[in-house]
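Novice: Let chain H serve as the given structure and place chain C with the ligands on it in line with the hints.
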Amino acid sequence: MASISIPVPWRARAKSGLLGWLATVDHKKIGLMYMVMAFSFFIGSGILGLLIRVQLAAPNQTFLDPQTYNQVFTMHGTGMIFLFTIPMVVGGFGNYFLPLMIGARDVAFPRLNAFSFWITLGGGLVMAMAFVLGARSDASWIAYVPYSNKQYSPTLGMDIWLIGLILTGVGSTLGAVNFLVTVYTMRAPGMTTWRIPMFVWAMVTTAAMVLLATPVLTAALLMLVADRNFSTQFFTANNARLWQHMFWFYSHPAVYIMILPVMGIVSEILPVFSRKPLFGAKAVVISTILIGILGFTTWVHHMFVSGVDPVIERFFMFTTMVIAVPTGVKVFNWLATMWGGSIDLKTPMLMAIGFLAMFVIGGLSGVIQALVPVNQYVHNSYWVVAHFHYVLFGGAVFGIFAGLYYWVPKMLGRMFDERLGKLHFVLMFIGFNLTFFPMHILGLMGMPRRIATYMAGRGWETGNLIATIGAFIIALSLLVFFVNVIKLRHAPKAGNDPWEGNTLEWTIPSPPPEYNFRHIPVVESDRPAYDERMRALPH
Amino acid sequence: MSMLPPVTEDARLIKALYDLVFWLAVGVFVLVEGLLIYSVIRFRRRRADELPLQVHGNRTLELIWTIVPSVLIAIVFGLAVDTMTRMTARGTLANPVAHVHAIGDQQARRRVEAAQPVDMVIEVIGRQWVWQYRYPGGDVITTEELVVPANKNIRLDMTAADVIHAWWMPQLGPMIYVNPGEMSYVWFNVPPGEYVGQCNVYCGVAHANMIARVRALPQAEFDEWFAQQSAAASVAVEPGDPERGRNYFMNSACVACHYIEGTKAQGKVAPRDLTRFATYPTIAQVDGLENNAENLRRWLKDPQSLKPGTAMPNLNLKAQDVEDLVAYLLTLR
Ligand code: HEM
Ligand SMILES: [Cu+2]
Ligand SMILES: [Cu+2]
Numbered sequence: 001m002a003s004i005s006i007p008v009p010w011r012a013r014a015k016s017g018l019l020g021w022l023a024t025v026d027h028k029k030i031g032l033m034y035m036v037m038a039f040s041f042f043i044g045s046g047i048l049g050l051l052i053r054v055q056l057a058a059p060n061q062t063f064l065d066p067q068t069y070n071q072v073f074t075m076h077g078t079g080m081i082f083l084f085t086i087p088m089v090v091g092g093f094g095n096y097f098l099p100l101m102i103g104a105r106d107v108a109f110p111r112l113n114a115f116s117f118w119i120t121l122g123g124g125l126v127m128a129m130a131f132v133l134g135a136r137s138d139a140s141w142i143a144y145v146p147y148s149n150k151q152y153s154p155t156l157g158m159d160i161w162l163i164g165l166i167l168t169g170v171g172s173t174l175g176a177v178n179f180l181v182t183v184y185t186m187r188a189p190g191m192t193t194w195r196i197p198m199f200v201w202a203m204v205t206t207a208a209m210v211l212l213a214t215p216v217l218t219a220a221l222l223m224l225v226a227d228r229n230f231s232t233q234f235f236t237a238n239n240a241r242l243w244q245h246m247f248w249f250y251s252h253p254a255v256y257i258m259i260l261p262v263m264g265i266v267s268e269i270l271p272v273f274s275r276k277p278l279f280g281a282k283a284v285v286i287s288t289i290l291i292g293i294l295g296f297t298t299w300v301h302h303m304f305v306s307g308v309d310p311v312i313e314r315f316f317m318f319t320t321m322v323i324a325v326p327t328g329v330k331v332f333n334w335l336a337t338m339w340g341g342s343i344d345l346k347t348p349m350l351m352a353i354g355f356l357a358m359f360v361i362g363g364l365s366g367v368i369q370a371l372v373p374v375n376q377y378v379h380n381s382y383w384v385v386a387h388f389h390y391v392l393f394g395g396a397v398f399g400i401f402a403g404l405y406y407w408v409p410k411m412l413g414r415m416f417d418e419r420l421g422k423l424h425f426v427l428m429f430i431g432f433n434l435t436f437f438p439m440h441i442l443g444l445m446g447m448p449r450r451i452a453t454y455m456a457g458r459g460w461e462t463g464n465l466i467a468t469i470g471a472f473i474i475a476l477s478l479l480v481f482f483v484n485v486i487k488l489r490h491a492p493k494a495g496n497d498p499w500e501g502n503t504l505e506w507t508i509p510s511p512p513p514e515y516n517f518r519h520i521p522v523v524e525s526d527r528p529a530y531d532e533r534m535r536a537l538p539h
Numbered sequence: 001m002s003m004l005p006p007v008t009e010d011a012r013l014i015k016a017l018y019d020l021v022f023w024l025a026v027g028v029f030v031l032v033e034g035l036l037i038y039s040v041i042r043f044r045r046r047r048a049d050e051l052p053l054q055v056h057g058n059r060t061l062e063l064i065w066t067i068v069p070s071v072l073i074a075i076v077f078g079l080a081v082d083t084m085t086r087m088t089a090r091g092t093l094a095n096p097v098a099h100v101h102a103i104g105d106q107q108a109r110r111r112v113e114a115a116q117p118v119d120m121v122i123e124v125i126g127r128q129w130v131w132q133y134r135y136p137g138g139d140v141i142t143t144e145e146l147v148v149p150a151n152k153n154i155r156l157d158m159t160a161a162d163v164i165h166a167w168w169m170p171q172l173g174p175m176i177y178v179n180p181g182e183m184s185y186v187w188f189n190v191p192p193g194e195y196v197g198q199c200n201v202y203c204g205v206a207h208a209n210m211i212a213r214v215r216a217l218p219q220a221e222f223d224e225w226f227a228q229q230s231a232a233a234s235v236a237v238e239p240g241d242p243e244r245g246r247n248y249f250m251n252s253a254c255v256a257c258h259y260i261e262g263t264k265a266q267g268k269v270a271p272r273d274l275t276r277f278a279t280y281p282t283i284a285q286v287d288g289l290e291n292n293a294e295n296l297r298r299w300l301k302d303p304q305s306l307k308p309g310t311a312m313p314n315l316n317l318k319a320q321d322v323e324d325l326v327a328y329l330l331t332l333r
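Residue numbers (the numbering used here), protein chains in the order written: chain H, 1 to 539; chain C, 1 to 333.
Only chain H is shown next, with the shape it has when bound in the complex (with noise of 0.2 Å):
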């Protein structure tokens, strides 16, 4: 490949053993320690998760007190969210390869990199420490005034949780921005527009989500804390909707700031496997693009129930559906670069699969809901709890692991066992389906979400008992990946590319060396590790 040498910044003179994690700068460390952070939080938080299917499994139970009960889900939605999903995809991810995938040696501001990352560490160890220590918000993670203000929620717990909030949010807002300047700015040579790869255009896209996002929510939890405490009035009574505002102009983009960059993980995983280029690439982007945009115009469909104008029901209902045609370009374009290719069903794919897969049955369930009509039925029922659980976890957690099937081996530098990885994906998606397909007819039959417990005879049991054994199957399943990252150490070792990538990251050695790049590539088509194959090709 083409190069050009510029001399390797003092920088890489790295310091080793603890110092060198606590002190670093580097990307590829920061975006490791956010990995390990996130998948801390998601154990934690799964583990909230079988509590809360414990206690559903059959009706009456009293394992967990409806207060205690409140407060698990509470911390096992916000914990899935801020503090697994968005620091998993963006800052893992996103830190991990988006300077790799580019041709870069780290991303635009190293040290401010390393602060996202220590805030949002931060608010995060404040909301889990205050939990496990008993201060917990029971308020479920909308927090809808008046609920969460003092006079109902008056606990402690409640002004921990908004605190860790607004951390984690400054935490991902600073990474915004170092990501836009850093795909701006340092793109190798010849990576002009339509060759920046998938993932880092959902990346860029996501990026800027949460830079026009995010600060609403904070500005929000802001002003939550100061009506909790120093008797300001943004929110009383009257003015419950306006939070429901604020929320949800930054909760609903947030579904887009998860997915988005899954999306861009299978972008790049599906043509790799099937050794196709990725289908209407071009297409692929702009619909990016345009999810990214009409994510910001949806909120409202949160909101159909809780009072607002007819007319004004029907444009956001518009809105929502209107997205179901981008997202759904893409899917075809993922089915059509898996037509005709050379499939090859190792684990990463097989996740790619089961993401497409699942991700579809909520992208369905979600245009069903967003009718006007409907969500006046199935709003806030467990029809809506299954809708989402398909998005964020048959999406954005199979996503993720086919991530990390795809990229540890870069990472860590060690395959990962084959057939523990397929038993993992078989039992992850059987269990996925067990817990969370029976919740769509639990919803449908009139059974609430946020409730602590149910009377017997309305027909619920059968479909939560389902529910609980799938929730202990997937457990398992996790368990058997564990294993598997156990195994790691003694694995065969992976080599540049073991899986004839496509993209930049696969022309270094795994893992990369601090600078990344001896010489800074450059770039000719889409595809240069591809294009490095085929001229080492014999002719």
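These aren't lab readings, by the way, just hints derived from the structure by calculation.
Positions of the beta carbon are idealized from the N, C-alpha and C atoms, including for glycine.
There's no promise every hint is true.
What the simulated footprint calls covered on chain C by chain H, stretch by stretch (three residues with Cβ under 8 Å from a Cβ of chain H suffice, anywhere in the stretch; the number is not a length) [stated by the list, open to error]:
| id | region |
| --- | --- |
| 1 | 21-34 |
| 2 | 47-58 |
| 3 | 263-276 |
Listed next, with one range per pair, are the computed distances between beta-carbon atoms [stated by the list, open to error]:
| id | chain 1 | residue 1 | chain 2 | residue 2 | range |
| --- | --- | --- | --- | --- | --- |
| 4 | H | M455 | C | N153 | 25 to 35 Å |
| 5 | C | T275 | H | I43 | 58 to 68 Å |
| 6 | H | I289 | C | N316 | 53 to 63 Å |
| 7 | H | P154 | C | N247 | 25 to 35 Å |
Specialist: Relative to chain H, chain C with the ligands alone:
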């Protein structure tokens, strides 16, 4: 994957829309998953060195899968708007200012009253954690269930006393939040029968206990029930029955906060466990509030007046329930 059987015209409209769109979605689902499974089987890698044709895209195909879904979405949007319009025409999903408005907005209130002729208006108050129904005249107030005449146009005038709630009765039609400081409305006309639903907006520790029940009786039976209730409201209550009290306790919000060993009551909000409540010298550790039947009655009716700021809410218990609860609680030794 079907909604509960609808019993009102609105609920039927909602279900019809859902059913149609559901089957459309099933079609898309089968198409996508079918293509996916077919590709995985048909295009599995057979030789390690095979290199398929490097197709980068296809304008026509891409246009097809942009335009066809757009048209489909437009059709579904049209169907939903049509359903909304029909519900609006019936007056149920009336104009927003009418559907939900600030208490005291007279103009909006007049529009509500003009929206649809009704035979009976019942006031509903949602509070942590009961639904309270006030019948015309004001004498009859129920909490466990809403008894209505069947096949009559009923309107519920709803508001919340504390946080947001929602009176979700899936078989009866669209749901709307019940907000503090605002009025929201539900209209329905149901055949005789019993319907169950419950609070749909998370409202705190006993949210799960905020069950709502509707019992629709033929007019004659309803009148009889109503007369009975009115009479009962004016006559003295009968002496408390511990068994009934226990029953009430175990099936109401009490269990969410209180702990009684060996029962369903496993709540941990109240500081003292009630297992041996009758042996405590005072109620709620209030100085001078001796633990006897009279004081307990006062406590249950209005805890705040005896201990301002206490976390025990006023649950608006009916006189008879208070008597039964007192009888039950004093058996706990
Ligand atoms: C480990 C497997 C999981 C299980 C068994 C599980 C189970 C559940 C259940 C049963 C609820 C409903 C609680 C209720 O409404 O009372 C719930 C809520 C929720 N879950 Fe999960 N879940 C899992 C994974 C996830 C993942 C991966 C995410 C996101 C990435 C997630 C995000 C949420 C959110 C945001 C809520 C709403 C919390 C709230 O209502 O405040 N969950 N989960
Ligand atoms: Cu949304
Ligand atoms: Cu409620």
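Novice: Count the residues of the region 47-58 of chain C whose Cβ falls closer than 8 Å to any Cβ of chain H, and tell me whether that reaches three.
Specialist: n = 9 at 8 Å, threshold three: holds.
Novice: Go check the region 263-276 of chain C versus chain H for me, would you? Three or more residues, Cβ under 8 Å, otherwise it fails.
Specialist: holds (count 5)
Novice: Is it true that I289 (chain H) and N316 (chain C) lie within 53 to 63 Å of each other by Cβ?
Specialist: holds, 54 Å
Novice: Assuming the hint says 25 to 35 Å, is it satisfied by the Cβ distance from P154 (chain H) to N247 (chain C) or not?
Specialist: holds, 32 Å
Novice: Determine whether the Cβ-Cβ distance between T275 (chain C) and I43 (chain H) falls within the hinted range of 58 to 68 Å.
Specialist: violated, 37 Å
Novice: Confirm or reject the claim that M455 (chain H) and N153 (chain C) have a C-beta distance inside 25 to 35 Å.
Specialist: holds, 31 Å
Novice: Mind checking, does the region 21-34 of chain C have 3 or more residues with a CB under 8 Å from chain H?
Specialist: holds (count 7)
In summary, the one numbered hint that this structure violates is 5.
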